[in-house]
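Protein chains: 2
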Amino acid sequence: MKKYDYIILGSGPVAMHLLAKFERTTNKVLLIEKGLWGGTCPNTGCQPKIFIEGTVRPVLNSYYLAGKGIKEAAKIDWPTLMARKKKIWAAFHKNERASMTSENTDTVQGTGILTGPHTVKVNDQEYEGKQIVIGTGLSPRDLDIPGGEYAITNNEFFDLDQLPKRAIVIGGGYVAMELATILQAAGTEVTILQHSDRLLRPFDQDYVQELKQIMEERGIKFHMNAPVKQIAKDGDQYTVITTNGENFDTDLVINAAGRKPNVEGMGLEEVGVDFDSKRGIKVNEHMQTSVPSIFAAGDVADNGQPNLTPVAWVDAYHIINFVENGEKSPIKYPPVATNAFTYPEIAQVGIHEDEMEEGDYVKTLDLSDMFFSIGEGDFHAKLKVILNKDGVVRGASELSIHAAEDINNFVPLIGRKDPNKFVEENLTFAFPTPANNLDTLFR
Amino acid sequence: MKKYDYIILGSGPVAMHLLAKFERTTNKVLLIEKGLWGGTCPNTGCQPKIFIEGTVRPVLNSYYLAGKGIKEAAKIDWPTLMARKKKIWAAFHKNERASMTSENTDTVQGTGILTGPHTVKVNDQEYEGKQIVIGTGLSPRDLDIPGGEYAITNNEFFDLDQLPKRAIVIGGGYVAMELATILQAAGTEVTILQHSDRLLRPFDQDYVQELKQIMEERGIKFHMNAPVKQIAKDGDQYTVITTNGENFDTDLVINAAGRKPNVEGMGLEEVGVDFDSKRGIKVNEHMQTSVPSIFAAGDVADNGQPNLTPVAWVDAYHIINFVENGEKSPIKYPPVATNAFTYPEIAQVGIHEDEMEEGDYVKTLDLSDMFFSIGEGDFHAKLKVILNKDGVVRGASELSIHAAEDINNFVPLIGRKDPNKFVEENLTFAFPTPANNLDTLFR
Chain A
7 MKKYDYIILG SGPVAMHLLA KFERTTNKVL LIEKGLWGGT CPNTGCQPKI FIEGTVRPVL
67 NSYYLAGKGI KEAAKIDWPT LMARKKKIWA AFHKNERASM TSENTDTVQG TGILTGPHTV
127 KVNDQEYEGK QIVIGTGLSP RDLDIPGGEY AITNNEFFDL DQLPKRAIVI GGGYVAMELA
187 TILQAAGTEV TILQHSDRLL RPFDQDYVQE LKQIMEERGI KFHMNAPVKQ IAKDGDQYTV
247 ITTNGENFDT DLVINAAGRK PNVEGMGLEE VGVDFDSKRG IKVNEHMQTS VPSIFAAGDV
307 ADNGQPNLTP VAWVDAYHII NFVENGEKSP IKYPPVATNA FTYPEIAQVG IHEDEMEEGD
367 YVKTLDLSDM FFSIGEGDFH AKLKVILNKD GVVRGASELS IHAAEDINNF VPLIGRKDPN
427 KFVEENLTFA FPTPANNLDT LFR
Chain B
7 MKKYDYIILG SGPVAMHLLA KFERTTNKVL LIEKGLWGGT CPNTGCQPKI FIEGTVRPVL
67 NSYYLAGKGI KEAAKIDWPT LMARKKKIWA AFHKNERASM TSENTDTVQG TGILTGPHTV
127 KVNDQEYEGK QIVIGTGLSP RDLDIPGGEY AITNNEFFDL DQLPKRAIVI GGGYVAMELA
187 TILQAAGTEV TILQHSDRLL RPFDQDYVQE LKQIMEERGI KFHMNAPVKQ IAKDGDQYTV
247 ITTNGENFDT DLVINAAGRK PNVEGMGLEE VGVDFDSKRG IKVNEHMQTS VPSIFAAGDV
307 ADNGQPNLTP VAWVDAYHII NFVENGEKSP IKYPPVATNA FTYPEIAQVG IHEDEMEEGD
367 YVKTLDLSDM FFSIGEGDFH AKLKVILNKD GVVRGASELS IHAAEDINNF VPLIGRKDPN
427 KFVEENLTFA FPTPANNLDT LFR
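Quick note, the sequences are listed as chains A and B, same order.
Take 7 as the starting number for the first sequence in my numbering and just add one per residue.
Take 7 as the starting number for the second sequence in my numbering and just add one per residue.
Treat the hints as calculated values from the structure; they're not laboratory data.
Any given hint could be a false lead.
Just so you know, same-sequence chains aren't split out, so a pair can sit in one copy or run between any two.
Here are the simulated DSBU-like cross-link-like pairs (lysine-lysine), alpha carbons at most 35 Å apart as the crow flies [as the list claims (entries may be wrong)]:
1) LYS34 with LYS92
2) LYS92 with LYS288
3) LYS338 with LYS390
4) LYS334 with LYS423
5) LYS427 with LYS288
6) LYS390 with LYS34
7) LYS338 with LYS235
8) LYS239 with LYS74
9) LYS40 with LYS74
10) LYS40 with LYS136
11) LYS9 with LYS74
12) LYS34 with LYS423
13) LYS27 with LYS8
14) LYS27 with LYS395
15) LYS77 with LYS100
16) LYS369 with LYS218
17) LYS34 with LYS395
18) LYS127 with LYS227
19) LYS92 with LYS369
20) LYS390 with LYS100
21) LYS423 with LYS218
22) LYS100 with LYS369
23) LYS423 with LYS9
24) LYS284 with LYS92
25) LYS8 with LYS423
26) LYS77 with LYS338
27) LYS390 with LYS171
28) LYS27 with LYS171
29) LYS266 with LYS427
30) LYS338 with LYS81
Generate coordinates for the entire structure from the input sequences, incorporating the hints supplied.
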């Protein structure tokens, strides 16, 4: 039986950051991937999204400036964009596995099945690892309704050759909101059906309401409290039926209703690794599962953190620090910044208003009257910062076309008592850039 | 004679940051402005530029994506843009002086003339101030050649109702490069005439060469080592003649050849304030001039720093700390990030390659093959970081369409020995955003 220091299940962000650190060690690693090398993020998640976003941004940017200094909004040419996307990703797919294989790292395509605390079987071959790391991520949760199989997910969305005339997006999280943004910008009539009365839960709900209104003004229709009970197909057309009895005819149905941890069919029960089919694999403060030689990290781990690529990196680094460097203190997550690539973007770090405690207060900054924002047509830009009674920064929320990048300026401030001092020490950011908002807030 | 704690000459960034801090004090202030309230930055500098940039960005962004996912590049409608600009700035002008006037702050329109270490005369009225702060900034340096008066400067550029068919830009600094970028994006045939063989001196010269080539590919013509010796006018048309005997017919000539400190006609000699007509007013480590009760700050001060708005803020804060809080240690500038709003942008913090010392080394990151950049058509994006032999970060240079904002991510790293540790502590920046480049560089 071939022996390794680490066997890693899943080749996504967890694996990539483990391998990056292992490059400087002599650790022997076996990397097992069942599906696409690189996992969700580069294949059907963040990366194809950000690629398409690159086109969406100038299109919507010029839409808001049309008649105000720009003659006419730019328009997306979807088939060309998709053909280009496929060509670029074909090259990526060709290289991705090879880029992860090295003298110290073997790669196997297949489903890894745990057979013991130190053993994994794949393609009927068994391997031994001192440590096993599970980083298998999430998959779209099937729609458990008649006709649920007619809905596509993010797995298929980024290969859509032709733009649908109409689309229904089921869900109200960031995947739903981002895909709706892209499709509408490209020219599709988009309707969002959300089962509850809330969208984008991790974000400031005032800003979410404002974002919803901005998206509605561009033509995206929202139906809230509209759980879907059936999808019917008639030729090339679908009808989506809600429990309130509404019917929606459409050319494409997208299931963005939720994602589930990839915990099935990998022998977790047999080996005694505790997990919950909704929350994922139970881990302790060192990312160890109930079997100490088996770790879980990233989205599949029930780590109490949002399911985000950089969180997977933190998990991966902690496993290395724990195993290799004898780290004793529990995993500690930096303040996690997150955003939705809607237009405008919405972003968050630390707490938002709903999570405020007694004595906390809010400082707001209207960005929309700054020359920067006026020039870009960012007419709703704003941000707010939450501080506690001692002046410690607890959270920041932003709604603007630069919110994703800008929110990062607040990451080093979270938990700090002296934002003014921090800002004075870093006063000479390039000007005028959104980072200068810190000066306006804390001068 | 009316008495004040502070008399401030010039209502630009120095004054604005002094007033922001004074709001929390009982200091009585007299603010004197000879020209436009707010100074160069909001009137004829950074702010109208960034306003117009808001339109330029989606236009050039869509230009690079045309045929790659966008049907056709968006186009600038110059007269509409300018009409909008004028309307917005008319409202700004109406309010700007009033916004600086308060119970503790009087404002006077006129030329302030020093009459003693504590006295200033304006409009034949004399005022007394415990401290006097000179923050009068810079003006365009006249072209000292026949016909030099035919050239407009940044003072007139942002009110140009009609787009010229052809324009000559004299100069190779950031003003020249930015105005050339704007005009070409709007449809003008632009030629840059630079007296020397260098452009954008404060930036990495490899990147400057690449930027020049990108601008040339868009149609901007560069003539290097081409000092101008005469401008001739014939009706609506001008001919610019260089010392090498080349002639350029054009519809507009822009003088962006340099700026000079505003030190004339304010009684500096009479009161004994030392200055140099090119470098500005001499100051010590507390921004005191040769007359200790008279301070100079910002662009007009010979402070050894680049002439940038945030540097003026640092100067202003130091004066307050010195006078009000008894600060003893000399002024300390944070690492100063700077950029040109060209397309792509070029940005710098700390040292660049020409300033490297023995043992320093360069880490480069090609951003152009990242999905982020490919999606946006940012085909030349790249960055480099300079470290010394002890691993201390000494500088960073970036060429990308987000360089101005991205360079700010390197500000807290300059002078740090442990970039990897800093990055691990801030690993959870929003993803994928340019800030994540830190992880790629220092993992």
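How the hints compare with the structure:
{"no.": "1", "hint": "LYS34 with LYS92", "in the structure": "within (34 Å within a copy, 66 Å between copies)"}
{"no.": "2", "hint": "LYS92 with LYS288", "in the structure": "neither (37 Å within a copy, 61 Å between copies)"}
{"no.": "3", "hint": "LYS338 with LYS390", "in the structure": "both (25 Å within a copy, 30 Å between copies)"}
{"no.": "4", "hint": "LYS334 with LYS423", "in the structure": "both (28 Å within a copy, 25 Å between copies)"}
{"no.": "5", "hint": "LYS427 with LYS288", "in the structure": "between (41 Å within a copy, 28 Å between copies)"}
{"no.": "6", "hint": "LYS390 with LYS34", "in the structure": "between (48 Å within a copy, 32 Å between copies)"}
{"no.": "7", "hint": "LYS338 with LYS235", "in the structure": "neither (42 Å within a copy, 65 Å between copies)"}
{"no.": "8", "hint": "LYS239 with LYS74", "in the structure": "between (44 Å within a copy, 34 Å between copies)"}
{"no.": "9", "hint": "LYS40 with LYS74", "in the structure": "between (51 Å within a copy, 33 Å between copies)"}
{"no.": "10", "hint": "LYS40 with LYS136", "in the structure": "within (21 Å within a copy, 76 Å between copies)"}
{"no.": "11", "hint": "LYS9 with LYS74", "in the structure": "neither (66 Å within a copy, 48 Å between copies)"}
{"no.": "12", "hint": "LYS34 with LYS423", "in the structure": "between (45 Å within a copy, 31 Å between copies)"}
{"no.": "13", "hint": "LYS27 with LYS8", "in the structure": "within (22 Å within a copy, 68 Å between copies)"}
{"no.": "14", "hint": "LYS27 with LYS395", "in the structure": "between (41 Å within a copy, 22 Å between copies)"}
{"no.": "15", "hint": "LYS77 with LYS100", "in the structure": "between (42 Å within a copy, 29 Å between copies)"}
{"no.": "16", "hint": "LYS369 with LYS218", "in the structure": "within (23 Å within a copy, 43 Å between copies)"}
{"no.": "17", "hint": "LYS34 with LYS395", "in the structure": "between (51 Å within a copy, 31 Å between copies)"}
{"no.": "18", "hint": "LYS127 with LYS227", "in the structure": "neither (48 Å within a copy, 64 Å between copies)"}
{"no.": "19", "hint": "LYS92 with LYS369", "in the structure": "between (45 Å within a copy, 31 Å between copies)"}
{"no.": "20", "hint": "LYS390 with LYS100", "in the structure": "between (44 Å within a copy, 28 Å between copies)"}
{"no.": "21", "hint": "LYS423 with LYS218", "in the structure": "within (34 Å within a copy, 45 Å between copies)"}
{"no.": "22", "hint": "LYS100 with LYS369", "in the structure": "between (50 Å within a copy, 27 Å between copies)"}
{"no.": "23", "hint": "LYS423 with LYS9", "in the structure": "neither (50 Å within a copy, 38 Å between copies)"}
{"no.": "24", "hint": "LYS284 with LYS92", "in the structure": "within (32 Å within a copy, 57 Å between copies)"}
{"no.": "25", "hint": "LYS8 with LYS423", "in the structure": "neither (53 Å within a copy, 41 Å between copies)"}
{"no.": "26", "hint": "LYS77 with LYS338", "in the structure": "neither (51 Å within a copy, 47 Å between copies)"}
{"no.": "27", "hint": "LYS390 with LYS171", "in the structure": "neither (38 Å within a copy, 45 Å between copies)"}
{"no.": "28", "hint": "LYS27 with LYS171", "in the structure": "neither (47 Å within a copy, 56 Å between copies)"}
{"no.": "29", "hint": "LYS266 with LYS427", "in the structure": "between (43 Å within a copy, 33 Å between copies)"}
{"no.": "30", "hint": "LYS338 with LYS81", "in the structure": "neither (45 Å within a copy, 49 Å between copies)"}
When each numbered hint is compared with the structure, violations occur for hints 2, 7, 11, 18, 23, 25, 26, 27, 28 and 30.
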